[in-house]
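Asker: Chains as they are written, first to last, in the numbering used here: chain A, 1 to 222; chain B, 1 to 248.
For the record, the hints were derived by calculation from the structure and aren't laboratory data. From the three backbone atoms N, C-alpha and C, an ideal C-beta is built for every residue, glycine too. Be a bit skeptical, because a hint or two may be false.
[What the hints assert, rightly or not] Below, computed lysine-lysine pairings styled on DSS-like, alpha-carbon distance capped at 25 Å: (1) LYS147/B x LYS91/A; (2) LYS92/A x LYS247/B; (3) LYS91/A x LYS226/B; (4) LYS92/A x LYS242/B; (5) LYS111/B x LYS16/B; (6) LYS111/B x LYS91/A.
[Stated by the list, open to error] Here are the in silico distance ranges between beta carbons for each label pair: (7) THR5/A x ARG122/B: 17 to 27 Å; (8) VAL90/A x PRO13/B: 21 to 31 Å; (9) VAL90/A x ILE110/B: 18 to 28 Å.
So the chains spell out like this:
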Amino acid sequence: MAELTRSTVGRKIFMALTGWMMILFVAVHLLGNTTVYSGWINAYAERLHALPPLLWAYRLFMSVVVTVHIFFGIQLTLENRRAKPAPYFVKKHLRATFAGRTMIWSGTVIGGFLLFHLVHFTLQLIFPEHAANRNMDSAGRPDVLGMVIYSFQHLAVSCIYGIAVAALFLHLFHGVESSFQSFGLQSDRTQRFIVRAGAVAATVVASGYLSIPIAALLGILK
Amino acid sequence: MDLFLYVWRQSGPEDKGSLEQYQARDISPDMSFLEMLDEVNEELTREGREPIAFDHDCREGICGSCSQVINGIPHGPQEKTTVCQLHMRHFRDGDTIYIEPWRARAFPVIKDLIVDRSSLDRIIQAGGYVSVHTGGVPDANAVLIPKTDAEKAMDAAECIGCGACVAACPNGSAMLFTAAKVTHLAMLPQGRVEAARRVCVMTEAMLREGFGNCSNHYECQSVCPKGIKVSFIAKLNREYLKSVADKP
Numbered sequence: 001m002a003e004l005t006r007s008t009v010g011r012k013i014f015m016a017l018t019g020w021m022m023i024l025f026v027a028v029h030l031l032g033n034t035t036v037y038s039g040w041i042n043a044y045a046e047r048l049h050a051l052p053p054l055l056w057a058y059r060l061f062m063s064v065v066v067t068v069h070i071f072f073g074i075q076l077t078l079e080n081r082r083a084k085p086a087p088y089f090v091k092k093h094l095r096a097t098f099a100g101r102t103m104i105w106s107g108t109v110i111g112g113f114l115l116f117h118l119v120h121f122t123l124q125l126i127f128p129e130h131a132a133n134r135n136m137d138s139a140g141r142p143d144v145l146g147m148v149i150y151s152f153q154h155l156a157v158s159c160i161y162g163i164a165v166a167a168l169f170l171h172l173f174h175g176v177e178s179s180f181q182s183f184g185l186q187s188d189r190t191q192r193f194i195v196r197a198g199a200v201a202a203t204v205v206a207s208g209y210l211s212i213p214i215a216a217l218l219g220i221l222k
Numbered sequence: 001m002d003l004f005l006y007v008w009r010q011s012g013p014e015d016k017g018s019l020e021q022y023q024a025r026d027i028s029p030d031m032s033f034l035e036m037l038d039e040v041n042e043e044l045t046r047e048g049r050e051p052i053a054f055d056h057d058c059r060e061g062i063c064g065s066c067s068q069v070i071n072g073i074p075h076g077p078q079e080k081t082t083v084c085q086l087h088m089r090h091f092r093d094g095d096t097i098y099i100e101p102w103r104a105r106a107f108p109v110i111k112d113l114i115v116d117r118s119s120l121d122r123i124i125q126a127g128g129y130v131s132v133h134t135g136g137v138p139d140a141n142a143v144l145i146p147k148t149d150a151e152k153a154m155d156a157a158e159c160i161g162c163g164a165c166v167a168a169c170p171n172g173s174a175m176l177f178t179a180a181k182v183t184h185l186a187m188l189p190q191g192r193v194e195a196a197r198r199v200c201v202m203t204e205a206m207l208r209e210g211f212g213n214c215s216n217h218y219e220c221q222s223v224c225p226k227g228i229k230v231s232f233i234a235k236l237n238r239e240y241l242k243s244v245a246d247k248p
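Only chain A is shown next, with the shape it has when bound in the complex:
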């Protein structure tokens, strides 16, 4: 294990593994969020919070995952910068994508957003008077839907979410495909397909998340 955390390939595998745990979270979180359209989100949120030990165990697990991903991400980036001290006067990128070259920055934006998101919807401190925990719906459940709609009708809040979704798109655009390479699951035959699948996955996730603030701004969500 200690060897894995020092090795160049081992750390890549840690990045991919923790990356996938977050991808799964992001996908399930998106599926959960789409209940805003059917109006079931209050019931969904209530069920989710019905088992505090499980919820906290998962939160703890994800904190470890995020920490490992951030730690190795920063460590590898610093090592890579040191390995290329002098820049070229002229440098053409033939294959490296913008998304791939800016992983550390899209990651930083997502990390910053994560803190904002927790303060906003988990601690509910941004608009305390509209916090779901204080306002109950007709069935006596915390009114998550009302809180979401109220928040996203503020253009500034929706913009913050828009920027974060853009960063998530870039991060997944490179990350999904890259993880297959790190796990050694790529071959000459499958590579083109996996590159496309990564782009499609990033697009689906980004449009799914973006649709919610847009729907709130347009007054579609009720």
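With chain A fixed as given, assemble chain B onto it according to the hints.
Answerer: Below, chain B alone, put in the same frame as chain A:
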């Protein structure tokens, strides 16, 4: 044809170095890129100036000595071609050409366009060999190797160790080079025996030499004069996982 050149000049490892402008006059489109530099050097020598130092040896695309980043691309604009095999017909009269050395911490500049690539040799020294006793020369077909394996090994063995992959990599990583050597030996029965140890010690040596980590940009594959593919890096990653899983 006449060309404007911006060439990296650096008198020694400690010198800061800078780009200097030169003119290449009356260049034939049939000349190779190195012959064009020879012409420029002839003129510099005639003028009593220091000629441009650059690496070269076979000049037929197999030794891996020539190492120049031309207009931002290691080995220049033509795909799967070393600098020595790049011809001036790919440029136009009046073109401006930037010529820089390979840039990476593991490749310190010795002089002008010449860099020290012995770090690649040390990766090989760490484990890029077969040390088990393989006996005398076997009879033909005595050791059966599936054709697809033999071909994959030969594709990997095409690597000439020029270091263009490192020069192109935004992280200065030598992963494509290391992966080619690891795959080449792991695909064949004689090399298979030590595959698990090899992949560990060679990747360790890569980091020790100051190369960066691979972050799957695939820039290396685009500039490799021998068309070494990044699927070999996936193969290296598999070999590494196998070595970890099989550890006694």
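Asker: All hints, please: hold or fail.
Answerer: Status of the hints after comparison with the structure:
1. LYS147/B x LYS91/A: Outside the cut-off at roughly 39 Å; violated.
2. LYS92/A x LYS247/B: 42 Å, violated
3. LYS91/A x LYS226/B: Roughly 21 Å separates the two Cα atoms, so the pair holds.
4. LYS92/A x LYS242/B: 36 Å, violated
5. LYS111/B x LYS16/B: Given that 25 Å is the threshold and the Cα spacing comes to 11 Å, the pair holds.
6. LYS111/B x LYS91/A: 21 Å, holds
7. THR5/A x ARG122/B: 17 to 27 Å: 24 Å, holds
8. VAL90/A x PRO13/B: 21 to 31 Å: Roughly 23 Å apart at Cβ, these two residues keep to the hinted range, so it holds.
9. VAL90/A x ILE110/B: 18 to 28 Å: With a Cβ separation near 22 Å, VAL90/A and ILE110/B satisfy 18 to 28 Å, so the hint holds.
The structure does not agree with the numbered hints 1, 2, 4 stated previously, though it agrees with the rest.
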